[in-house]
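Residue numbers (the working numbering), protein chains in the order written: chain A, 1 to 525; chain B, 1 to 405; chain C, 1 to 306.
I should point out that these hints are in silico values taken from the structure, not numbers from a laboratory.
Virtual Cβ for every residue (Gly too), placed ideally from N, Cα, C.
Some hints could be false.
Simulated crosslink set (DSSO-like; lysine-lysine; CA at most 27 Å straight-line) [said to hold, decoys possible]:
| no. | chain 1 | residue 1 | chain 2 | residue 2 |
| --- | --- | --- | --- | --- |
| 1 | A | K422 | A | K433 |
| 2 | A | K430 | B | K226 |
| 3 | A | K433 | A | K383 |
| 4 | C | K271 | A | K447 |
| 5 | A | K447 | C | K89 |
Derived CB-CB ranges, DEER-like [said to hold, decoys possible]:
| no. | chain 1 | residue 1 | chain 2 | residue 2 | range |
| --- | --- | --- | --- | --- | --- |
| 6 | A | P4 | B | T276 | 50 to 60 Å |
| 7 | A | A167 | B | S249 | 47 to 57 Å |
| 8 | C | R281 | A | P146 | 46 to 56 Å |
| 9 | A | E158 | C | E272 | 19 to 29 Å |
| 10 | C | E272 | B | T276 | 26 to 36 Å |
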Amino acid sequence: MGRPGAVIEIDRTSPPTLFHFGEGVRLERLPLGSRVLYPPDPLDAIAHPERAIRRALANPLEEDSLQSLLRANMKLTIAFDDLSLPLPPMAAPDIRQLIMEEVIELAAEAGVTDIELIAANSLHRRMTADEIRHIVGDRIFSTFYPDKLYNHDAEDPEGNLLIGTTAAGEEVTLNRRAVESDLVVYVNITLVPMDGGHKSMATGLGSYRSVRPHHNVKTLLHSRSYMHPPDSALHDACTRQGQLIEDTVRVFHIETSVNNNAFPGIAGFMQKRETDWTAGDQASYLAIKQMTDLAPPSIKRSIFHSMRAPYGLTGVWAGQVDAVHAKALEGCRKQMAVTVEGQTDILTMGLPYLGPYNVNSILNPVLVVCLGLGYLFNLYKNKPVVREGGVVIMAHPCRYEFDQVHHPSYIDFYDEVLADTKDPHQIETKYEKRFAEDPWYRQLYRKSHAYHGVHPFYAWYWAAHALQYVGDVIIVGGERETVHRLGFKCATTLEDALEMAEQTVGRHPSISHLRTPPLFLADVI
Amino acid sequence: MVGRISRGGSKIVLALQYVRSIPRFALVKAAGGRPEVATSDLSMLVLGDVAEPELPAGDWHRVRPTLSGICGSDLSAISGHVSLYLDPLTSYPFVPGHEVVGQLSDGTRVVVQPALGCTVRGVVPECANCAAGHPGLCENVPIGCLEVGLQTGYCSSTGGGWGEVLVAHRSQLHEVPDSIPDQAAVLLEPLACAIHAALRGGTAAEDTVLVYGAGTIGLLTAAAIKHLAPHRRLLIVAKHPHQREAALSLGVDQVIRPEEVFQRVRFATGARRLQTIGQPVLLGGVDVTFDCVGSTTSLNSAVRLTRPKGKVIAVGMPGEEKVDWTPIWQRELTVMGAYAYGKEEKLDGRQTFDLALELAPQLRLERFTGPLFQLGEYKDAISHAMNAGRMGSVKIAFDLRGLSN
Amino acid sequence: MRDRPWYSGELGPARLAHTTGVLISDLRQLQAGFRWDRPRPWQWPEAESGLADGPTDLGWARTEPVRTIRLLIQRGLSGPFTRAMAHPKVEGAEWITGLDRPAILASNHSSHADTSLLLYALPDRARERTVVAAAADYWYRRPFLGRVISLWLNTFPFSRTGGASEVLHRSSQLLKGGWNLLVYPEGSRSPDGRLQAFKPGVGHLATQTRSPVVPMHVRGSRRLMPRGRSIPLPAPVTIKIGKPLYPGRGEGSREFTVRVEEAVRDLAGGKEQGDWIARWRAGAPYRRLTEGDLRTGFGPASAPPS
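Just chain A, with the same shape it has in the complex (with noise of 0.2 Å):
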């Protein structure tokens, strides 16, 4: 058992601090007095997870055995949480991949007859062939692509069917071959508390209509955070729609939690406190860094996106959506909460080379305010750890940098959108309804392999409560015209930063660092 969160203050004996800076790392030395966040060590993984998969299966919560709901003349679809989950990518075989296995084995078994595998990517980009095959392993691979295995398109006019309203108002769209399913078993990793439940099927696999109605500003800045389920609109509405989908058709959902074991053995300094490193983690970071100080970008990226997180598993739960996701987020607190006291005046984080939206692609300026401001800031329960008015200060090399065939829309975000205005209600209004509907983004996102044109507008979004609560963000590191297109400020160095910051927070300013990935979820009190 390993030892739990903890929130540590720089002294004069301190080692310096770790920053990640995209495809890179950093060490800084914080002032003295700051606070430095530190996750969790990896919770034990389970020994045998096949059999405890088995078990889940076979012992649902609030609902009957997978098995006796079987039966040979059936639907039956499974549809599973796309390659933004988790983050790094799982070294294999992955959780999925296990746990379908043993879906199909049973329906195999029950002799089902018409089964389909839908990849829930939701207004994600596809994947590719290979990426489907590392998630579902050969043997699914090979049994069931393409015919029987593919992503769901959002976009298809006739594969997505309205399923109906909530009483909010909300439309719930669905893909058809889970709406004419006798059952949809939907498996998902719970990697950080936003994930799971309602969400899941809600928008993994809606459409922009069904998506639109919780992914917009209003509800997001009613989510504080969205990764504390209890106080996010977003959430609110997701289960809204959720109970929908559960009068619609039947359920079966399997979720899984895993430890924070993000980075492999030679990376292995990166989850471990710097007081830990031993000489082998010195010798690490500094081949590391020289390799990634010389490096051109596209090297160190092809480097960093081919490692594989040997995550582990650390529950298993199967059934009812409600029931389950309750027994994920407490297995996602258990790994992930760390209490901090008192907010704070200068966040600073080092942000890594890898977001939700960039798996085997670049971070382009737009996803790393996504990555920062969005999902790291909004790591948090009860109240933000940085003040509001305070100052959040990231390290990224921010570069102008899009990858053509992964972000087409974003590029065109961010050199009309942004360049017309930053504030996310305006760009809502003015811009969406385009940017969703442009035919040519539309035929990337169906044939190739592009994110949906709306997608770098839920990036912009899922900043736009810290965009209304911070004082000033300031980036370490980046091209300064980038930065300035960002609405952001630019700083060489941290300590110019933490300079710059001063003007806005007043002098002797509280200071803490987000020691992250892997991934914690800061219970401010």
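Starting from the known structure of chain A, arrange chains B and C on it as the hints suggest.
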């Protein structure tokens, strides 16, 4: 007062002459038109005393240029990029310079409309084009009282702006009001070209219009479209920062960098973009494109950026450029040129130069002119003009005010 | 040398070029005159009379350490080379993973590259236990070539012309010895890429040994290396592996051959192989055979799915 007396009795004046020499032309062309070679002693340019041009007929006046611009077409002649098509339409040696503001002997400030049509040449009866008011398209260029030449500045009989004195027919002269300073007046001739092009484009009120290039012609064409041609949205492709700022100050809706032009135009027009080796293909595109560069890249981009059945207007003088005709064929494009000026049927048959004189004051054109060079500094001037964009300039001009007095 | 001018052709590079040229032409002359490329003519009968003596069965090729050497060659050289040249797309490998006894692999044949590609397509475990039937009158005419081929691809001589019973006997011995047998029932490479009629030997062998036959189909190898070209050029290749066929009780060898031929044609036409449950079961991870399995051996141990 004017000039000195040569031994033969006629006056001599200082001018920068362009001589016809095939070896020199070949040398400059072989050097790729690099300014060091194109202005060297082995180039076609010769600075020195020439005989003052004589008045060919009664209605002619002597004009003493004050400022005289360096035009892109001059540079392509100097650097050897010019098409041989123009060779028989030119008489040598000539004094270049057709963007001229100058003074008559009575002190009147005038700009010269350089086209040498039937009226100027004293040809009776006039050819059909001249009769219709388009002296630039005159078919009697080789006859009349002048040597062959399309314009003042390409004709050996008239002299040109890069010399102390030129002669011009009364019909060529337009008086400049005091509201337009010399620096602005030197841009009236290109502005007239731009206005003619903008009107010739025949844009409609719903059109998205793209101007490719933001040099003098590009900026002035954008300005002319903004004020005189109907359109919905005006985009301009500009390479250099000062060009971007200038374009925005002229009221252009969007400035685009050349490397992102396909991305931006795709977005602006809601087209589809297909990626392939080399330049992408747009399904759709802008309604009208004004190519104001005349290079291989710009022309090839222009025909790919224009929607099917759209129009491409070549405004900047192109040379012998290799252009892929497939998009022109497949998109049923209308490709047209826009040269010179005359009567603008679209605006009640008014003269382009009058329109330019009217439009000029609101554009504050003087900010685009500079730096100014003396005739003796022509090597620097031409080298600077060839790199105007990179050097942060728009229009380079010769300052001839110091010559006579 | 000093007094010779540079253009005399007797100095420096010119001299070197001249010497090399002479050497090359001498070598060519020897090669043509003494027929280096084939066995000495006075000791060998004409090709047509071929194989008077029964070919050796090259048992050494299936013993250690040759098997390890072959594994290294295939993993280190031919595998990567095949991948680079053909980017082979393999469909249906699960049908072989799931086999619990040696099988006859029957494929179409349109190029010399087929064998490499088919071996590439097999799962590792199956590849190491596969022998390839190579035309005795073609590959084993020259002993050295025969040995290289045996070392590299684990081939054994398979007579196309006569002595059917003996060859079939040897083949069935191999099958019983636990080896999969890769055969080309067409008999030779297709001249135009179309599937030719299958020779009945494959059916005979299967019905005799009661071995399953796995239909396989290679598409694109003709573009990679057609008949008549000796150097492969890159081209994409798809290899499809079909559902194994079991000879029915009392089914004649000719009828079964027809069934195999139909199966290969279906593969070529992209017909779905079996339902998902069959494919899923076939793809189950390898389970080590127990004593009991071995004893029941090559009879119909687990009832073959019909």
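Discussion item. Going through the numbered hints above, which ones does this structure break? Give me the numbers in ascending order.
Written reply: As far as the earlier hints go, 3, 8 are violated by this structure, in ascending order.
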